[in-house]
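**Student:** Single-letter residue listing:
Protein chains: 2
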Amino acid sequence: MQEQFKFHMPTEILFENGLTQKMGRYIKGSSVLIISDPFLYKNGTAQRIGDTLAGKTVTYFSDIEPNPSCESVDAATAVARESKADCVIGLGGGSSLDVSKIVSCLVTNPGSIYDYYSGGTRVLESRTTQLVCIPTTAGTGSEVTNVGVFTNRKTHIKMPMVNNQFWPDIAMIDPQLTYTLPSAVTASTGMDAFCHAIEAYWNKNALPMCDMLSMGALKLIIDNIKTAYDTPSNCEARSAMIVASLVAGISFSQTRTTGIHALSFPLTTEFGASHGTACSITLPAFIRVSSQYEAQKMNSLVHYLGYESVEQFADAVEALMRSMNMPVRLHELGVQEKDIPHIAEVGLSAAIIQLTPADMNQKTVEALLRSIL
Amino acid sequence: MQEQFKFHMPTEILFENGLTQKMGRYIKGSSVLIISDPFLYKNGTAQRIGDTLAGKTVTYFSDIEPNPSCESVDAATAVARESKADCVIGLGGGSSLDVSKIVSCLVTNPGSIYDYYSGGTRVLESRTTQLVCIPTTAGTGSEVTNVGVFTNRKTHIKMPMVNNQFWPDIAMIDPQLTYTLPSAVTASTGMDAFCHAIEAYWNKNALPMCDMLSMGALKLIIDNIKTAYDTPSNCEARSAMIVASLVAGISFSQTRTTGIHALSFPLTTEFGASHGTACSITLPAFIRVSSQYEAQKMNSLVHYLGYESVEQFADAVEALMRSMNMPVRLHELGVQEKDIPHIAEVGLSAAIIQLTPADMNQKTVEALLRSIL
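Keeping their order, the protein sequence lines are chains A and B. Take the first sequence: its letters are residues 1 to 373, numbered as in my numbering. Take the second sequence: its letters are residues 1 to 373, numbered as in my numbering.
If you're looking for bench data, these hints aren't it; they were derived computationally from the structure. No false leads were slipped in.
Copies of the same chain look alike in the list, so a pair counts if it fits in one copy or across any two.
In silico DSSO-like cross-links for lysine-lysine, where the CA-CA straight-line distance does not exceed 27 Å:
1. K204 with K6
2. K204 with K219
3. K297 with K219
4. K84 with K22
5. K6 with K28
6. K6 with K22
7. K84 with K56
Given only the sequences and the hints, what does the whole structure look like? Please build it.
**Tutor:** Okay, here's the thing in structure tokens:
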């Protein structure tokens, strides 16, 4: 047992197929802002939800880009303030959900996101606007975390912002919203959730409840991701995957992530890999490394998941990724030997890398990266 | 996967050995009321905690009896109002914790508990007094539920009261407080936690996160309860047991319990069995019954726990109870054949009995009871 731990996840979780078509009774006040990306607006998903909110004024903001910028946050905030939003609904992958978190605070907190983040010195006061997060991918878990990741366009730095005002009031989980996800997105977001679960499990901040949740999430993913990838309309697999993402989200919301996520930052910003791909490409290597330091715990996990050894598990994860056409070697992303010192350096600059249960320094991280070049 | 579920457990959990000796920074306001039973007051536990709250006015209320009455609640409320308590700390087993929940609300809500409970028609408004719950047994899980169980002395009826104001702000888990628990209490409260975990697992309201937590809690209990019973000073086993109780509490806080708890009510009130004993005496029988209706799920559980079959598991649980000198047959509590129809009837009057995954009626419940007479 750990010597000490904390657990706090105050968000109310509602799960039901079709829930977003009858969610009116959960929404407070008369003015609602729905924040999404352009795709979910154009394909009618945002409006289908807005149309169910009878008697309320619904405003849409749909200019959220991947890796959302502070400028997008400020633009959405202007709309939220103008519409006097009583409720902000974030709809989408991690980007829209993250933006909805800070916008719901800025409705009643003055100024720009820059006043509170990335060098800003103001402190967010209590949020009074309701915050509802609705994921449309089974991956980020953002609906049950108090973190938003924003990019400062001036400095080109992408940085997480952690704030207890960011816990959504409600996380609405509606598997139907994921039925039309393309297979490649199913694979990469699903493997992102896999990383969340296992990084929480081997984390130096690990705690018993999260260990239990991570084990359950990993089992759900292993049992269902390939089915969801092969047969996107398989409702049972889609439900299992969005629940796995949710559970993995609860787990890493308490522990934070580790080296996998730290190294994903340069692989995304400099080599263009999607977040899930950039994370999972180092996953088998991190399984092997972490198992040297957490041998007993990792053995318990892999036996629970039905594998005979950690080595067999790592191989199976790599085979699973290959079976979904995901890259498993860094050169597939365009990384060359000469890039490795720099990737290691950028990864080591993220504090979370030191939550990996292994000695993480320039030499060891370069060796890990070379092992999968 | 279930078709729908909800999960909401907003309490902040803090776990650390010795935490209650340095908890001042978590306590709000200047006036603190510590509610406990007479034993924890007389042996100095309550005062040792109060003494660490430097600069605050600390008042003690220590007249909490087992199966606390509404009269005790009203007496504690009078003290809380007089001391203008900013924070109410519940310290003890389930009784003190349950009383602290309603008292923290009644500081700012007028009248008696009878106005809100057991026929009362008033509704509790938002609680503004901080509520901190500190368990001293590893069993009830009350520190992470929104339920209090009170006895109406006028009608002699013991009834649960469920209210979202009852979620503690903070659950403080300090294993040290359990080091001196007598072995018999370790056994009965630990088996109560076992029942919470498994009743949440096979519950008709079951949900994925709670299934995962229940599995983990059951493993902790099976691996540690006998050690804690045999060697009360074993810190590792004590930590594991209080965490198991906590996790089982989170689990059943979402699902409620089932037939085991329903039948425990008459066994406690009419045959004087302690709550944990009254629950666990029917546990092996309920394992056998529930497994007929939840065969696959129960098989997954018992294999995870290291057993080959449900039957072997049920036998092992019974042997575990015997090894801790707990009764495993109803006649050991003084129950006779002629009492069985009445016990079944009273058990069936508790709504939770219908959350058992089995056909629960007068005939089936009597048969279950006769099988362990």
